[in-house]
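Visitor: Quick note, the sequences are listed as chains G and C, same order. Counting from 1, position 147 in the first sequence corresponds to residue 147 in my numbering; the numbering is continuous, with no gaps. Counting from 1, position 51 in the second sequence corresponds to residue 1051 in my numbering; the numbering is continuous, with no gaps.
To be clear, the hints were calculated from the coordinates, so they are not data collected in a lab. No experiment lies behind these values; they were computed from the predicted model shown. One or more of the hints may lead you astray.
As the list claims (entries may be wrong) - Rough simulated footprint, nothing fancy, chain C against chain G, three-plus residues with beta-carbon under 8 Å:
hint, segment
1, 56–68
2, 95–107
3, 290–301
4, 308–320
Every residue gets a Cβ at the ideal spot worked out from N, C-alpha and C, and that includes glycine.
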Amino acid sequence: MPEPIVIVEDLKVYFYTYAGVVRAVDGVSFEIYEGETFCIVGETGCGKSVTSRALTKLIDPPGRIAGGKVLFKDRSGRYINMLELDEETLREMRGKEIAYIFQDPAAALDPLYTIGYHFIETMRDHGTIRSNKEGIERAIELLREVAMPAPEVRVKNYPHELSGGMKQRAVIGIGLSNMPRLLIADEPTSYLDVSVQAQILELLRQLKEKRGLTLLMITHDMGVVAEMCDRVAVLYAGHLAEIGPVDRIFMNPLHPYTQALLRAVPNPTRRMLKLEPIPGNVPNLASPPPGCRFHPRCPYAMDICKRERPKMIEVEERHRVACWLYAKR
Amino acid sequence: MPGHPLDRLSDAFISLIARVMTRVNPKWLERNRYKLEEWRLMLYALNRSPTGIAGLILAMGFVFIGIFGPYIAPHSYDFSYIAATGKYKLYWLAPPGTGGAILGTDDLGRDLLSQLLYGARISLVVVALVLPVGISIGVILGLLAGYYGGAVDEAIMRVTDIFLAFPGLILALALTSALTMRIAYAIANNPWLTSFVSAVFALKPSDALNIAPTLAIIVALWLVWWPGYARLVRGMTLQQKGNVFVMAAQALGMSSREIMFKHILPNILGPLLVFMTLDVGNVILVEAGLSFLMGGQIKIPEWGAIVQHGSQYLVNGAWWLLIFPGLAILLAVLGWNLFGDALRDILDPRTRRSIEFR
């Protein structure tokens, strides 16, 4: 059993806005094991991206990390709390230990610089290369690794001269340029054509195998989850609803929200007559419902759901759920 | 696509750049092919804007005269026909065209044309000293405020507000009168400063002291010029900061300084350049206005001072002492404004698309 590379304990990220305190992530705990692909799924605005950015404290005001711990296993095997590091050490960690890939590859590249310059810039900052010439050579190597056609030409191109898929390949290459151990992909395929999506997912899988990366995927696409992930965390309105191995989540969803989510998308593992939308909307996180945040939309809501927040309960091996339905067993 | 008569000239200019840069660095052309093509299209767009061309000519004319004016002037700025010829009656407020004085003379018999040509140098130096400093301060503070936000933003922008709340011209006037004597002392006590100032402003060393009010105006303008830029740059920084590539750069571990100067600043440079161009005219105008209000040093051929001094002799019918320096100020300011307007249309891809190519 591999050790966790990241342990998140009771993470809280609050946004202090004029409309009140938005509790975007409110007491989320999970761990990511070395070498696995971990997915965070949930609807828009449930705190997926904020959670992933909080791992390296990439939260801009008015957001603030209001509590919790992010323990990251460094190369010597010790766990360090990312949230207590000073800005300079964090900057060192970003890109070198934990790298990000954002959803819109067109926006993630500065239109004024060539692809090669993006590589050089990030590698120079982390001392990975000594000269620009070495940087270009490394960039071409990396572009070849991410299966970019004609890397020698592409390295000199500007972002607008590449297609969406090529841009995402370049972004992945840039993310890998400082040999990070954890790669966070925030909806890496949402902005791409369906045919390109499959290629990019395949590429991520290959890179993970080859480099022994740990992959954290943020997605709302259950298809991507089924395709890629080893373990899944289901997030709802800033609370963790359910966490478990991907086959258990699909075969035996415990939380009513997970069940509803799976009924709302085509599911290859079971026969479905029709897709059912989840009634209602994601609550406003500035004034979330008390107790379990899903209770206004939950068909099994009980009295206790409205009063008290359910604790995480391990129902099966490594399969935990935060729901009062399972509390008495 | 070329159809305009000036397009040929633009093509020639572009290929000249290409040839010169290739000589400097053989790989330059390969790397900047797209940039060059972009420049060519910008020039084509400029060719289709008559006001832009007029502005460019006037603006470049101002710079040219500012640099070479003192050398092409028929006389020195302090040359007096009266002193040289002794013909007091002829050369006292001589109208344009009188015996060699193309634009006429003033009450001391000095050649107005020469004075205006020397005056262009003073205006150019003022612009060249005021704008870079004012802009640098404003850009740096604006970047810091916009990028860091929070308390830093609050502190910088409140100071900016205080500066903006003062009427700029009054503040500059007060500063100018407070600083003039100190600067005059400094020039009088430093021989190297004397020779430096006289060389830069194309004046005789004996007149270097009299430029002190102008130098005081420059210092005053530094203080009143940056707040506008700080605000402008802060706004543009906030806009750029929302870009994913800024977040991506942070996520890759780039330092704030690098993100500010390598990703945000280059991306706001276009609009900033337009603003700077429009501002050249403002500096000329404000400087002329201040030197007019300060009473004007009679020994210094400053455009504002010439107008101020000449206005006393309007009762004697000496209209040329007002009209010609006024015209010089007008053309320089108008030129930069027209050029700035055209530049804005050309640099912004959205408006550039609306320019009709025939």
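Visitor: If a hint holds in the structure, say so; if it does not, say that too.
Guide: Okay, the hints, checked on the actual structure:
With 4 residues having a Cβ less than 8 Å from any Cβ of chain C, the segment 56–68 of chain G passes the three-residue criterion, so the hint holds. Residues of the segment 95–107 of chain G with a Cβ under 8 Å from some Cβ of chain C number 7, which satisfies the need for three, so the listed coverage holds. As drawn, the segment 290–301 of chain G meets chain C at 0 residues by the rule of a beta-carbon pair under 8 Å; below three, the given contact is violated. For the segment 308–320 of chain G, the proposed coverage by chain C is not satisfied: 0 residues have a C-beta within less than 8 Å of a C-beta in that chain, short of the threshold of three.
Hints 3, 4, counting from the list given before, are not met by this structure.
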